[in-house]
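In terms of the UniProt record's numbering, the sequence shown opens at residue 1 and continues consecutively.
Check each hint, because a few of them may be wrong.
[What the hints assert, rightly or not] No more than 25 Å apart at the CA atoms, straight line, and that leaves these computed lysine-lysine pairs for DSS-like:
1. K388 <-> K183
2. K172 <-> K281
3. K172 <-> K280
4. K254 <-> K280
5. K172 <-> K112
6. K112 <-> K136
7. K172 <-> K136
8. K112 <-> K280
[What the hints assert, rightly or not] Have a look at the derived ranges for each label pair, beta carbon to beta carbon:
9. D319 <-> G525: 46 to 54 Å
10. R101 <-> T40: 39 to 47 Å
11. P518 <-> L200: 38 to 46 Å
What the hints contain is simulated information worked out from the structure, not anything from laboratory work. Just so it is clear, the structure is predicted and the values come from calculations on it, not from any experiment. Beta carbons: idealized from backbone N, C-alpha and C, even for Gly.
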Amino acid sequence: MSQTFILEPDIIAATENVMPDLNNDLVLAKNFLKQQSAATGDSLYDHLVDVVQKILSQKPPDVVDNFEQYSWEVKQEKFRPNFDLLNDIYLSPPQLETVRRIDEMFKLVASKAVKLDDLGEEEQELDLEEDNYRPKIQDLVDHNHYFREGGYGLANSECYAVYIAMIMLGIKESVSTVRFFGKIYGTRANYYVAETDLTLEELDRRIREFDLKDMPGEGEGEMEELKPPAEEQQEILGEEEGREPVSKEPVPPKLPPEPKSTWVPPVPIPVERPGQGVNKKVYWVCNRPGDQWICLPDLSPQHIKVARLSVRCMTGDLDAEVVTFPPFEGSERFYLRAQIARIAAATSISPQGFFTFGSGEEEEDLDMEEGGDMQFNLNPFYQGHTLKDLLDSNLTYWVHHGRHILKQGRTIWWNPNAEIEEGLEEEDDEGLPQVEPEVGPNLFTPLSEDARIEGMSAWSARVSSTMCSDRALAIIRSNLWPGAVAYATNGKKSECMYVGWGLKFQPPNFSPLQLPAPQNEYVIGPEVMEMADPTFADEEAYRIAHLPPPPPPEIMGEGEGYGEEGEEDEED
Numbered sequence: 001m002s003q004t005f006i007l008e009p010d011i012i013a014a015t016e017n018v019m020p021d022l023n024n025d026l027v028l029a030k031n032f033l034k035q036q037s038a039a040t041g042d043s044l045y046d047h048l049v050d051v052v053q054k055i056l057s058q059k060p061p062d063v064v065d066n067f068e069q070y071s072w073e074v075k076q077e078k079f080r081p082n083f084d085l086l087n088d089i090y091l092s093p094p095q096l097e098t099v100r101r102i103d104e105m106f107k108l109v110a111s112k113a114v115k116l117d118d119l120g121e122e123e124q125e126l127d128l129e130e131d132n133y134r135p136k137i138q139d140l141v142d143h144n145h146y147f148r149e150g151g152y153g154l155a156n157s158e159c160y161a162v163y164i165a166m167i168m169l170g171i172k173e174s175v176s177t178v179r180f181f182g183k184i185y186g187t188r189a190n191y192y193v194a195e196t197d198l199t200l201e202e203l204d205r206r207i208r209e210f211d212l213k214d215m216p217g218e219g220e221g222e223m224e225e226l227k228p229p230a231e232e233q234q235e236i237l238g239e240e241e242g243r244e245p246v247s248k249e250p251v252p253p254k255l256p257p258e259p260k261s262t263w264v265p266p267v268p269i270p271v272e273r274p275g276q277g278v279n280k281k282v283y284w285v286c287n288r289p290g291d292q293w294i295c296l297p298d299l300s301p302q303h304i305k306v307a308r309l310s311v312r313c314m315t316g317d318l319d320a321e322v323v324t325f326p327p328f329e330g331s332e333r334f335y336l337r338a339q340i341a342r343i344a345a346a347t348s349i350s351p352q353g354f355f356t357f358g359s360g361e362e363e364e365d366l367d368m369e370e371g372g373d374m375q376f377n378l379n380p381f382y383q384g385h386t387l388k389d390l391l392d393s394n395l396t397y398w399v400h401h402g403r404h405i406l407k408q409g410r411t412i413w414w415n416p417n418a419e420i421e422e423g424l425e426e427e428d429d430e431g432l433p434q435v436e437p438e439v440g441p442n443l444f445t446p447l448s449e450d451a452r453i454e455g456m457s458a459w460s461a462r463v464s465s466t467m468c469s470d471r472a473l474a475i476i477r478s479n480l481w482p483g484a485v486a487y488a489t490n491g492k493k494s495e496c497m498y499v500g501w502g503l504k505f506q507p508p509n510f511s512p513l514q515l516p517a518p519q520n521e522y523v524i525g526p527e528v529m530e531m532a533d534p535t536f537a538d539e540e541a542y543r544i545a546h547l548p549p550p551p552p553p554e555i556m557g558e559g560e561g562y563g564e565e566g567e568e569d570e571e572d
């Protein structure tokens, strides 16, 4: 017999209050974990959050085995001061390598600077040979400030690292001046380019090496072609016997005459000596500030000629192969040097009067280079121009101070008939082909004479600020070489810089040169022409046509007949 239990309403209500509530239990547990310690004031909840955050940020292996260690490290970090910003900064191996390289560069520059500061100006001038001489280094930080006001230039951190690298270059290498030329982008790495002038001792050494390299060796061109001993002995025996030598080799079949090339190589144009023309300045490059500076080689006219006919981006590897047509002789270091020379010749500009020939103190004090190229220096009497003149649309107050590169690939024209004319008399000179000398624009030519680009000016000028005219400056940007800019204040400061891909603007699409038509191997004639095979009828007709003529019929003479009859009669 079953029994039925009936619960009262009060008992039912008490039973419902005992049922678990997930949200309520979670709140109670969270409040329990947030109870602060009376000793330190921390809570277990905050400690667990810090431990989990540290584990998720570092993602170490075997977390379970090292959980207690992470909990202890989190507790130790709370005793450190809050201003320790270098705590928990993770650096990847490449970043760590960069930091160490720049740190070594700073230490080297700092140690050398202390030694130079201990010496006086007179002692520095006397100790040139003891590497205690401080070269003139461009104040890149100051110039970059003005470029940044105009919307160009380098980042401040990058600029300071490059400036320290320039000081390191002046300490390690034999240079008298160091100037930041610019930055050329590459597909894999970038190039930082420094422009320098060599010391007199280093320049003389390079000139001597250049002269020795161009001098021909003793005995060159005097060796006659020697005949093989067998042929020479056979020829002597043939002369002694009075007959031609007999060859045992089989007679080869008669072939058409071998073709002879009619192409005549052009006269090689000599390279300009170090310290002259396109090789007047020496350029150094590195991929990152702090790396070792690498000196770029001197240029030949052929390098510039081929560089003008090709378009190629840099890769960042100086030993990379340059695949172009016409073929370029040398690796990317030569191509980079050619592009730098072209950019420097076209975009080196300054306000009118900023530079002057000679020292500027006396009118007759003019320094001339070999070949007629004049030197120029800063004008100590330059007073600047107003912003209105510098921003004039005609650009008559801006001039070129870069040496123009001729089509010949040189800045000083070379006469290809000079050596021939020296050995001939005046009467014989009339038969030589006349070569017109190339003439380019002179130094300090105004920008107003530059050729226009599809109706657009080659340069664009603008002001850095229209609100504060006292601190404004003029910015000139090249439209022919994008990335080349120059600034000038209404005072005595001016500088130019290039930051770009090293490519020239070309209005029409670039079209590489076509391959030349191949020369004919043999002269067109029946010997080399393809003909149809003759048929049997043709061969038979040819055979019949070339049969020998039939022999003439025999005619019997009178004497012969009588003689025979007489012999018959005698026999009878």
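Here is how each hint holds up against the structure:
1. Annotation: proposed proximity of K388 to K183 is violated, straight-line Cα distance about 30 Å (limit 25 Å).
2. Distance hint between K172 and K281 is fulfilled; the C-alpha atoms sit about 18 Å from each other, no more than 25 Å.
3. Distance hint between K172 and K280 is fulfilled; the C-alpha atoms sit about 21 Å from each other, no more than 25 Å.
4. The hinted pair formed by K254 and K280 fails the criterion: a straight-line CA distance of about 59 Å is larger than 25 Å.
5. A C-alpha spacing of about 10 Å is found between K172 and K112, which places the hinted pair at or below 25 Å, so the restraint holds.
6. Simply put, K112 and K136 have alpha-carbon atoms about 15 Å apart, close enough for the 25 Å limit, and the pair holds.
7. Taken as a hint, the K172 and K136 pair is honoured in the structure, with Cα atoms around 14 Å apart against an allowance of 25 Å.
8. For the given pair, K112 sits about 28 Å from K280 by alpha-carbon distance, which is inconsistent with the 25 Å threshold.
9. Taking 46 to 54 Å as the suggested C-beta distance range, the pair D319 and G525 conforms, at roughly 50 Å.
10. With their beta carbons about 43 Å apart, R101 and T40 fall inside the hinted range of 39 to 47 Å.
11. At roughly 52 Å, the beta carbons of P518 and L200 sit outside the given window of 38 to 46 Å.
This entry does not satisfy hints 1, 4, 8 and 11, going by the numbered hints stated previously.
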